[in-house]
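Participant: Hey, can you work out the whole structure from these sequences and the hints?
Spelled out from the first residue to the last, the chains are:
Protein chains: 2
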Amino acid sequence: MKILGIDIGGTSIKGGLVDQKGEITNLFSLPIDKKLNQEEQIAALIFGIKETYKEDDFSGIGLGIPGTINPKEGLVLFSNNLDWHELAIGDMFKKAFPNKKITIDNDANVAALGEVKFGVAKNEKNVVLITLGTGVGSGIIIDGKVYEGENGQGAEIGHSLLVMDGIKCTCGRKGCLEMYASASALIRQADEACKSRPNSRLAKAKLNGELDGKIIFEIAQKGCKTAQKVVNNYVKYLSEGLINICNVFRPSTIVLSGGIANQGSYLIDKIESYLDENNYGFPPKAKVNIRCSMLGYNSGIIGAASLLF
Amino acid sequence: MKILGIDIGGTSIKGGLVDQKGEITNLFSLPIDKKLNQEEQIAALIFGIKETYKEDDFSGIGLGIPGTINPKEGLVLFSNNLDWHELAIGDMFKKAFPNKKITIDNDANVAALGEVKFGVAKNEKNVVLITLGTGVGSGIIIDGKVYEGENGQGAEIGHSLLVMDGIKCTCGRKGCLEMYASASALIRQADEACKSRPNSRLAKAKLNGELDGKIIFEIAQKGCKTAQKVVNNYVKYLSEGLINICNVFRPSTIVLSGGIANQGSYLIDKIESYLDENNYGFPPKAKVNIRCSMLGYNSGIIGAASLLF
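Line by line, the protein sequences give chains S and D. Each position in the first sequence, counted from 1, maps to that position plus 4 in this note's numbering. Each position in the second sequence, counted from 1, maps to that position plus 4 in this note's numbering.
Calculated from the structure, these hints are not laboratory results. Quick caveat: nothing in here was measured; it's all calculated off a predicted structure. The C-beta atom is built at its ideal place from N, Cα and C for all residues, glycine as well. Careful, some of the hints might be misleading.
[Unchecked claim] Derived, one-sided and incomplete: chain S residues facing chain D with beta-carbon distance under 8 angstroms:
hint, residue
1, G153
2, V167
3, S200
4, N203
5, S204
6, I247
7, S256
[Claimed, not checked] Straight-line alpha carbon distances no greater than 30 angstroms define the calculated DSSO-like cross-link-like pairs of lysine-lysine that follow:
hint, chain 1, residue 1, chain 2, residue 2
8, D, K25, D, K129
9, D, K291, S, K172
10, S, K240, D, K172
11, D, K25, S, K129
12, S, K229, D, K178
13, D, K18, D, K38
Facilitator: Here it is, written out as structure tokens:
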């Protein structure tokens, strides 16, 4: 039977029924009402689900949630984006849907699981997924299962060091990967370049509005030297982070997701050429595939449902 | 029945019979004759074992070997210290001991397994061990089992980046943890400090002979400001590497082994105070224990035998 996959984001919630082939039907979405407290927000979600679906439509519910999650206890320990603390979402769902299997996990973890069940790393055993967005999230699959760490607090690869005594991170450390390889970091790096190269095509684009990752890559591809320098520098930081993953995990595949990953082969080619030169390992070294997520806009729903397949 | 644990080092091989409590009897050791080729060295080891033990003394042989190992195939892909390449040691042992179980693995991996089976992390599920010696080795235990990565090439935490564009490492990267947190790195850092502080107690000790990790720590504990500065700087690098392990794995315990780990509480107290201030994780955060190995001089033998318990 189908699984109801729920993808909780910072401002809205999406859901859909996912079958064993990873195909989605009956999509719904719901804005998060920030005026409600956390329990009321969950009550509204449960109400929305009961309005949208019939009891027999699905056999279980998987939820992907941004933040620090303890899947065993069904607890959201902390979610920065949602301002949720110690939220017993698992128990609330079990009470509302007593005959259904309920599982929750971190959004990057479920995204990684989705790729292993239905995506670019199908049936692979050891896979790491990195989300390149406002921050750098990560999901680690070992032996086909999500690696959580104690209390669900592992897999924070974005908060491993890249630059000793570097830029201050939101987590308190200085020099985390997240501060150099997130989409936000790329935009910051581009903003700085615009200041020193005010006549560049990149700086002119900035005058017409805020830069985003897509625009920076587009301008680089059109030949702007300043934008190319920004992109190459960004690729260096990101690739050094990926080599860390290669050396520590040596997974069969690293999956990139998030807006930046939409750059496809332009980005992947640059990363692969950097990795070919610098990827540690004595011959015959095991190649690590670098791939972009292909589950697209609904990957969060598919991933959340994967928890129960 | 007992397991024969074999600990292969750079210059000699140690072995012993290990029982189910992790206790060792019938120790032997054998120098490695560098004039022999790799297959002849293994033949000499097999001969030594047959001379020392009777057929009924043990039910299997576990071997811990420095380098890149593929345990599934019983292959030493590459061992820098031993100058071994593509050595089918597993097959050679199976041929010589057809009725025994034979397993091989990397020395840091077996050390980690030994700690989980018999040492300071007994019965814990997720544990990372770091060896602080000439280099920085690592063994990762996930769900009670050694994590190998593809082709046995994971778990090279020593070759994750700590300082972007930092000191050139033997692996080809610049700025690896190994270049800042190994015993060799501590000695290099002390040598540099001696040059700028030629009148310090540390510099005077250096005039009386080469510095080693033990001496540097001793002089620091006796109050030499220069040595204390060297040690504190070393602890910062090492601790930042340990925080990476906390954030990526959030294990229950990190075990330190190698000569530096003999510093015990003087070192651990410094590390714990650094981690308390900087260990990422939203409350209630799962504390990671930092412990020194207690299996001692024969930990390699116990670890190698652990492969078969």
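Participant: Let me make sure I understand: some of the numbered hints might not hold for this structure. Which ones are they, in numerical order?
Facilitator: The structure breaks hints 3, 4, 5 and 11; every other hint is satisfied.
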